[in-house]
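Student: Sequence:
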Amino acid sequence: MKCTIIRLRCYSTASPLTSHFNQRIISLKNASGPTNVNDALQLFDEMLQRQPPPSIIQFTKLITVIVKKKRYSTALILLDQMKLMGIPANIYTMNISINCHCRLNQVAYGFALLATIFKQGHPPNLATYSTLIHGLVLVDRVFEAVELFKKLLRDKLCDPDQVMYGTVINGLCKVGHTSKALELLTFMESGSCKPSVEQYSVVIDSLCKDKMVDHALELFAKMTEKSVLADVITYNSLIQGLCNFGRETEAAKMLRDMEEEGVSPGVDTFNILVNSFCKKGSVKEAELAVQAMVRRGLNPDVITYSALIDGYCLRGEIDEAEKVLDGMVEKELVPNIITYNSLINGYCKKKRIGKAMRLFQEIQDKGLIPDVVTYSSLLQGLFESGNPAAARELFNKMQAKGLAPDICTYRILFHGMCNNSQCTDALALFQSLGSKELVKDIVLYTILIDGCTNCGKPNLALDLYDELLLKGLEPTVRTYNAMIRVYCQEGLLGKGTELLRKMEENGCLPDSFTYNVIVRELLKKNEHREAEIFLEEMINRGFMPDHATFENLLVWIPNVGKDSRLRTIIQKLTNGGRKDT
428 MKCTIIRLRC
438 YSTASPLTSH
448 FNQRIISLKN
458 ASGPTNVNDA
468 LQLFDEMLQR
478 QPPPSIIQFT
488 KLITVIVKKK
498 RYSTALILLD
508 QMKLMGIPAN
518 IYTMNISINC
528 HCRLNQVAYG
538 FALLATIFKQ
548 GHPPNLATYS
558 TLIHGLVLVD
568 RVFEAVELFK
578 KLLRDKLCDP
588 DQVMYGTVIN
598 GLCKVGHTSK
608 ALELLTFMES
618 GSCKPSVEQY
628 SVVIDSLCKD
638 KMVDHALELF
648 AKMTEKSVLA
658 DVITYNSLIQ
668 GLCNFGRETE
678 AAKMLRDMEE
688 EGVSPGVDTF
698 NILVNSFCKK
708 GSVKEAELAV
718 QAMVRRGLNP
728 DVITYSALID
738 GYCLRGEIDE
748 AEKVLDGMVE
758 KELVPNIITY
768 NSLINGYCKK
778 KRIGKAMRLF
788 QEIQDKGLIP
798 DVVTYSSLLQ
808 GLFESGNPAA
818 ARELFNKMQA
828 KGLAPDICTY
838 RILFHGMCNN
848 SQCTDALALF
858 QSLGSKELVK
868 DIVLYTILID
878 GCTNCGKPNL
888 ALDLYDELLL
898 KGLEPTVRTY
908 NAMIRVYCQE
918 GLLGKGTELL
928 RKMEENGCLP
938 DSFTYNVIVR
948 ELLKKNEHRE
958 AEIFLEEMIN
968 RGFMPDHATF
978 ENLLVWIPNV
988 GKDSRLRTII
998 QKLTNGGRKD
1008 T
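Residue numbers (this note's numbering): 428 to 1008.
Check the hints yourself; a few may be wrong.
Claimed, not checked - In silico DSS-like links for lysine-lysine, alpha-carbon gap of 25 Å or less:
id : residue 1 : residue 2
1  : LYS510    : LYS577
2  : LYS952    : LYS929
3  : LYS601    : LYS621
4  : LYS577    : LYS607
5  : LYS546    : LYS577
6  : LYS583    : LYS607
7  : LYS601    : LYS495
8  : LYS636    : LYS578
9  : LYS636    : LYS607
If you are wondering where the hints come from, they were derived from the structure by calculation, not from laboratory data.
Could you put the whole structure together from the sequences, leaning on the hints where they help?
Tutor: Structural data, given as structure tokens:
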């Protein structure tokens, strides 16, 4: 053993050759690009050919450079070459091998190497176990990672550090077990290895994604009370969480607090606010956020401009959206497909389909590849502008280019076809779909039921309803409304009212449309007393008769002087009362 130690010391001295290798390894570590990987491989060959070869430490440093460039297979080949040349492995090279196998989704090989470590008499260290736990998390075997972590604690095989705790916490959050991650964080707080901002930030982010923003804010307060300083990642998670719930005012205050604490917001921070304001159509507030960003010396990026374009398009202010695009190009920022999708969608909603199609061609000429969102927007625009043939042709071209339509595309397609009296074709296409996800989509069924009703094919609508029930799908309020309309049109009013009661039993509450259809049909059949019952129930639930129902009601009000429950209901409505109290 002494000889080995002396030999290692000999190779690690700062001889001219050793210094030369060290300098080249440092240079490679700080460089980037594929050329530098080739340089690293060339240096490895030089080192291997030296007699005596450099120390294992220098080989380890060089292979670590290869690993950091994510060339895991290459690193494993180099380690095998070292073994063939008689350079003995140590715990550090074994850990590198385990890490590479785990990164290549070969966790089983990693555990095989752990067994080899035991056989060779090298006690595994903290890095060994951390690497294996991280490998299990990478391949979504989180519960096995947790069990290994528990074994380490139970058998006192090593003292976990912040990195190991962080890996387990991140894994638990990854699979949606935020409460377990929070428990582990609390356990950490009670031990000698205290959590850092990284561990807190992971749990805070997971709580926000689980729509538990108030819990995230409580943990944030607890963290700061323990003098753990939040970083930009922590604040970004909270700002995003608040914005997701429409709490932009609190999010803006969080940004101000962040700056007061000396944490500089980045472009990403402001983009969260800009995007949230734009989604609500509050483009002026978004513009103010952009101005605040610029005042802090931050340059808006493609994401910023894309959000603004989307915001203006949502408001129908296409001219303003075009100005934003022009300003973006002036700043030499290259618009991406998301940017153009917003503008194409805006043109389609304003029924400027010609301009949308020209932009569609223009982006392809620029080398951008339209995605499923691009095609879906254009399909909707073509259908709504009364050009179903062009829409079907575009849909066929989309598939010919190998782009698979998603569920939103099919909803747009079937809705457009049904609205253009092509419900039979839509139904045939639906039945030809092989995707289990698509044929079990209740929205698609509802679109087709409604479409068949509008096309005068109620029997097909009834068959579709029976089919979705057999598949165990749960109808939505829209599905029930479509079926109630079918029953009413077919003179099956009893079945319609029966379905209204059944939908409530199934936990699906009727809406204004449900009651309006029933009341109108009852009035048509001169069933005034029944209509009055449903009308009062409707008003008590806070719903108002629509224009068509109101006109039908007025016809049946008797002359002045005659008692009428219906007149009392109408007076209640005209006096502004919506509910009996």
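Student: Evaluate each hint against the coordinates.
Tutor: Now the hints, each set against the structure:
no. : hint               : verdict
1   : LYS510 with LYS577 : violated (34 Å)
2   : LYS952 with LYS929 : holds (22 Å)
3   : LYS601 with LYS621 : holds (22 Å)
4   : LYS577 with LYS607 : holds (13 Å)
5   : LYS546 with LYS577 : holds (23 Å)
6   : LYS583 with LYS607 : holds (21 Å)
7   : LYS601 with LYS495 : holds (24 Å)
8   : LYS636 with LYS578 : violated (30 Å)
9   : LYS636 with LYS607 : holds (15 Å)
Violated hints for the displayed structure, listed by number in ascending order: 1 and 8.
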